[in-house]
Amino acid sequence: MYVESKKGKTRELWRFHGGLHVPDHKELSLHKPLRNIALPKRLVLPFQQHIGAPAQALVKVGERVLKGQMIADSPAPVTAPLHAPTSGQVVEIAEHLIPHPSGLTDLCIVIEPDGQEEWATLPEPIQDFRAADPDTLRRRIRESGIVGMGGATFPSAVKLNPGKPIKTLIINGAECEPYITCDDRLMQDFTDKVMNGVRILQHMLQSEECLIAIEDNKPEAIHAMFQALRDDENIEVVRIPTLYPSGGEKQLIHILTGREVPTSGLPAQIGVICHNVATAAAIADAVLEGRPLISRLVTLTGEGMQEPGNYQVPIGILAHELIEQAGGYRNQPRQLIMGGPMMGFDLTTDEVPITKGANCLLCPSEAEMPEPEPARACIRCGRCADVCPARLLPQQMYWYSRAKDLEKTQDYNLFDCIECGCCSHVCPSHIPLVQYFRYAKTESWAAEQERRESERAKRRHEFRVARLERLEAERKAKLRQKKEALNKPAPKKKPAPAETSATDAKDAKQAAIEAAMKRAAEKKAQQAQQPRNTENLTPSQQRQIDAVEQRRKAAESKSQDQPEQPS
Amino acid sequence: MLIAILTITLLAALFGLLLGYANIRFHVEGDPITDQIEKILPQTQCGQCGFAGCRPYAEAIAGGEAEINLCPPGGESTMIALADLLGRDPVPVGEEGAVEKPKSIALIREQECIGCTLCLQACPVDAIIGAAKQMHVVIASECTGCERCLPPCPVNCIEMQPIRRHASNWRWPFPQSGTEEIAGGVH
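Protein chains in written order, with our numbering: chain D, 143 to 709; chain B, 126 to 312.
Just chain B, same shape as in the assembly (with noise of 0.2 angstroms):
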């Protein structure tokens, strides 16, 4: 009996010691859940959802505060990563039958900028160029398509484009046929 307990207590204190070791050795800086987050967001840092960008959004996502379904740039393809990720349930993103809009990049009409500057303090990845008085430009490879530029400008010189398909970058279509007779037949 008394080496039963004995036996019971003594391992009780090694493993008890084996886990406060572990946690210890083993301590984790950070939160790694919002950085798992933040690596699913698109990082357009566009604020759409109405977070100052895709960090702090991340962490409203982690601490429960924020919905799943709040990134427009990601879409759909987001939303179930991020359900995946999470263990929450789906919820459609954005309105009912809403159409994701074509990936976009801004661009200057630049015989109509006035080189006010606004348009370069709003982007949050630095992709326009330009001084006081002098024209902007969009460097169109760093431009995320965030849309932020769009309201600061007083002149409204500035439009989306939607990126140009071209012959490599364009993806093959989901084959059509085969569709409907495959979904009939799975349960």
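Looking at chain D on its own, in the form it has when it is part of the complex (with noise of 0.2 angstroms):
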């Protein structure tokens, strides 16, 4: 299929499997202008607003802070910072519900806004983006918190690195998901924003072409979008057709170059990176004016919603505050869907804030959603596998999840399911088959979490082990030299080896008697040796001792020839 894209310029179409049509109801906020919301008394503010690591605090609780302050950052490659979305007081860091599908709670920082509006001194506009170079302004996109806020919260600048070159831009201003009309809002009311951050990624990647893809049901963006063109620019409006999920990455992509990210692939690696239009306007922000992401717009949207329509929301606010001061809700609405009616989520409760990803807030009611009836056996119809954008077998991997066979979802390529809903929405047995999927995935990941620290504590246990091992050969080792040290001492005596202990004792013993023999006959010659009184005497004293002596040898012969004499 060949559209018109730019001033004489068209482009060849490709078309992803399957896809559905889906009444989109868009008409509910679409024509209502842009309002925007007082501040709240508090705004709360999860530290993970964003895919990796959370961020940290950088402001105590008491403190004043200025609208635009960074209040909390990570040295972590992939984060992003947060910023106070007005001046006011940190009244609290604390644990507070949060826009998950658990309905737990998280650490968020709790603002009180003082209603003075002062601003923080804001970095430098970057006026001239073309003269900077393209780490100086992710740098700035850094900074300013900047996130993918089509809903994946990806930090942006993490992704404008892609570290290969990039043949082509993509800017999704595809909005497929029924009901979410903010984008088509931002592309009106904010076009040359818009336009002005997607120049600034084109710069920045340096990519050959720049495509801005907007589905065919939203003529009037297409046309302020076009009016925003210049013709010495390689930018260009694409019209698609409307078909849900046109505005997944990997289906966009397709439509666009007709070509595949591959499995578990990044779209970089073909060459190709997409941002949201509400992305590239932030930047635009963040860039021209310096201005950090505070705020967005957000669509509030069903029959459940008192005044359906698109507001400039400041991140933070609590979803009924929102809800309140667009008038409430009216008809009883049974639930509240944070995001689309394909992809979102229930909400538990309206006290969860609004996050960077919040695009949209849906209250529909009772006749507009009614209860998903009761699923039945599966068919084997197929109609699942048909409409599948990733080309994946829906019921096959719907056996094997139910199976809580992990291993064989994975064969299916359970990771490749975008979790669109097309399944669940044309299954005829009402078999809620992405819930399913959703627990494969999860429990998945869980078990693959559960693998790596049995294989740590494996390795630690081991460790242990081994150390153990070394420190009573140590021990041991230890013992023997002592033994050692005791015996050298002894005489005569080569160091004998542990081994023979037994004949070591033995030589010891002997070594003792040695000793002692040798002590006894030194003490003996001691003994035979001159009395030491017998110095300068005199010659009567000589003649006396000599006297003695004599008797005492022929004593002594005596004595000595007697034995001999019996015999």
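Source of the hints: derived by calculation from the structure; they are not laboratory data. Treat the hints loosely; a few may be bogus.
Stated by the list, open to error - Okay, derived cross-link-like pairs now, DSS-like style, lysine-lysine, Cα gap no bigger than 30 angstroms in a straight line:
(1) K695/D <-> K666/D
(2) K618/D <-> K648/D
(3) K630/D <-> K651/D
(4) K309/D <-> K151/D
(5) K660/D <-> K624/D
(6) K620/D <-> K226/B
(7) K174/D <-> K202/D
(8) K648/D <-> K665/D
(9) K666/D <-> K630/D
(10) K164/B <-> K583/D
(11) K648/D <-> K625/D
(12) K546/D <-> K164/B
(13) K228/B <-> K550/D
(14) K630/D <-> K618/D
(15) K624/D <-> K651/D
(16) K583/D <-> K695/D
(17) K148/D <-> K174/D
(18) K202/D <-> K148/D
(19) K550/D <-> K226/B
(20) K550/D <-> K164/B
(21) K625/D <-> K660/D
(22) K665/D <-> K695/D
(23) K618/D <-> K258/B
(24) K228/B <-> K546/D
(25) K258/B <-> K583/D
(26) K583/D <-> K228/B
(27) K258/B <-> K624/D
(28) K546/D <-> K226/B
(29) K624/D <-> K648/D
Mind docking these for me? Both chains are given alone in their own frames, and the hints should help you get the complex.
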């Protein structure tokens, strides 16, 4: 298929497998003018509003913060800092409910606005971004806390460092999910800002071509963007056919380039990078004005909303305060969904804050989105496989997920599933297929995590066993050395090896006896010596001594002879 | 006739040599089945199976001396995996109706710790740091939850705390609807 993408230029488009035409219900919120939301009493900012490491607080409880001041950051490579959406006081850093399917809490920083809207000193605007080098711009984007605003919330600065030459930069304005209109509104109301963001992105990536893809159910947005195109730029606005889920990154790349992103690969591998239009607008703010990401457009829609429409919302406002300011609920709504009807998730409460990735709050009435019918047995009709945009076999993955055979689900490429919900939507048996796949995915991750942990525990245990053995050997060696040291002073005794401890002991005894004998002999020799009091004698004394000696000698010889006499 | 006998004999000799060579050339050191069993075991080194650790238990299973349902931390999934690997029949783990404990890690109540170092010596993965007459502490990221430090503590200051459920380690629940209908539809 060929479409006009620029004055006098046509492009070839491809069609991805499957997909669905779903009623889009965009008229509910689209034609209302954009409204600003007043500051609430409290802003709750979760430290983790992005994929990657959570940010860490840079401010303390009780501290006054200014609008746009960085209040949390992290040294991790994949992370995004957090900024104060207004001036006020940090009143709490505590656990608070977050918008997550689990309905769990996470650490949040709570700011009480003072209403003065006093700005912090912002970084210098980079008006002439074409003269700036990509690293400077990337640093600015990182410092401004910009994440993918289509809902994926991957830190944009990381994505802008592909390490590979990029041929095609795709700006995603498809907004294929029913009900949501915030990107449409953004392209109509802030056309120049989006365009500037696109130009900055193209300058940073130096891509050969830049395609802004918009579904053909948004004629006003397409018109506005066409008007903003300049002839001397290599930027095209591509009108793509409306088909859910054409806004999925991999699907959009296929539509525009005919190429497929490899399994568990990144678009950059095939020379493509995809960014959302809202991300482009946030980047324009950050670079051209130095303003960090502190507010976003949110669609409030559904029959259960008093005044559906698009709202400029400070990040951190609680959903119920936002809905109250927008007129509140009506028709006793049954559920509140964050995101769209196909890929969003149910909120258990409206006490959760709006985060950087929250593009829509959908509050359908009972009639609009009735309670799902009870699931029946799979009849193997294969319609799920017909509509799967990732060309998977949902019913096979369903059987294995149900049987909790996680390995088998991965043989069927479970992790290529984008959870678009097409299969569940068409299933005549109303089987919640996506629920099964989400279950199998998180279980697989948990199993992988457990496997890594047990591997680690095993290594530590083996190390401990080896350490204990080494210590024991060292202890024994020390003992032996001590023994040898004790034995050394024994005379005429060669150091004997420890194995011959029996002979060792014998030798020691022998040595002791020898030593004792030697000591006795020495004593004897000492006694044989001349007495000391025999010097300087008078001749008469000498004579007396001699006489005594003579007598003793005679007596001795007598006693020596005596025993011989009887024989 | 003679040619047939000679051919068969020659072939037999040839294949015999080939097999003999392959036996030497592709000789496998150690006991690979023990390694495979050990891989399945959770490596908590808790000794609840009655063996000194995961490796001795794996050796016992490989030697046919132990049943495959003795590992409480691994629970049913480990038993099933072992049954699959060894071609044995699955056996129920633990008592009938026993609930699997949530994964926990040890926590030392620091103000009660007397610094006796007994738990340090009991920990199979060196996950407790401390010294004599100094306060001890469990390294949470390394603790396997084996509970081996509990009995030696003379002041009972160690307790097991279930790991907190957090958004990052949260798992989608198994879908509720559909289970009964399909159970009835499959024979």
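Here is what the structure says about each hint:
1. K695/D <-> K666/D: Roughly 19 angstroms separates the two Cα atoms, so the pair holds.
2. K618/D <-> K648/D: holds (22 angstroms)
3. K630/D <-> K651/D: Holds: K630/D and K651/D sit about 14 angstroms apart, inside 30 angstroms.
4. K309/D <-> K151/D: holds (18 angstroms)
5. K660/D <-> K624/D: Given pair K660/D, K624/D holds - Cα atoms ~27 angstroms apart, limit 30 angstroms.
6. K620/D <-> K226/B: violated (46 angstroms)
7. K174/D <-> K202/D: Between K174/D and K202/D the Cα gap is close to 40 angstroms, so the pair fails against 30 angstroms, i.e. violated.
8. K648/D <-> K665/D: holds (26 angstroms)
9. K666/D <-> K630/D: holds (27 angstroms)
10. K164/B <-> K583/D: This hinted pair holds, its Cα atoms lying about 22 angstroms apart.
11. K648/D <-> K625/D: Holds - the C-alpha atoms of K625/D and K648/D are around 15 angstroms apart, at most 30 angstroms.
12. K546/D <-> K164/B: With a Cα-Cα distance of about 20 angstroms, the restraint between K546/D and K164/B holds, given a limit of 30 angstroms.
13. K228/B <-> K550/D: Holds, at roughly 26 angstroms.
14. K630/D <-> K618/D: holds (19 angstroms)
15. K624/D <-> K651/D: The hint holds at about 19 angstroms.
16. K583/D <-> K695/D: Violated - the C-alpha atoms of K695/D and K583/D are around 116 angstroms apart, more than 30 angstroms.
17. K148/D <-> K174/D: Holds: K148/D and K174/D sit about 29 angstroms apart, inside 30 angstroms.
18. K202/D <-> K148/D: violated (52 angstroms)
19. K550/D <-> K226/B: holds (27 angstroms)
20. K550/D <-> K164/B: holds (19 angstroms)
21. K625/D <-> K660/D: Holds. K625/D to K660/D sits at ~24 angstroms (cutoff 30 angstroms).
22. K665/D <-> K695/D: Holds, at about 23 angstroms.
23. K618/D <-> K258/B: holds (27 angstroms)
24. K228/B <-> K546/D: Holds - the C-alpha atoms of K546/D and K228/B are around 20 angstroms apart, at most 30 angstroms.
25. K258/B <-> K583/D: violated (47 angstroms)
26. K583/D <-> K228/B: The given pair, whose Cα atoms are some 20 angstroms apart, holds under the 30 angstroms limit.
27. K258/B <-> K624/D: Holds, because 29 angstroms separates the two Cα atoms, which is no more than 30 angstroms.
28. K546/D <-> K226/B: The hint holds at about 20 angstroms.
29. K624/D <-> K648/D: This hinted pair holds, its Cα atoms lying about 19 angstroms apart.
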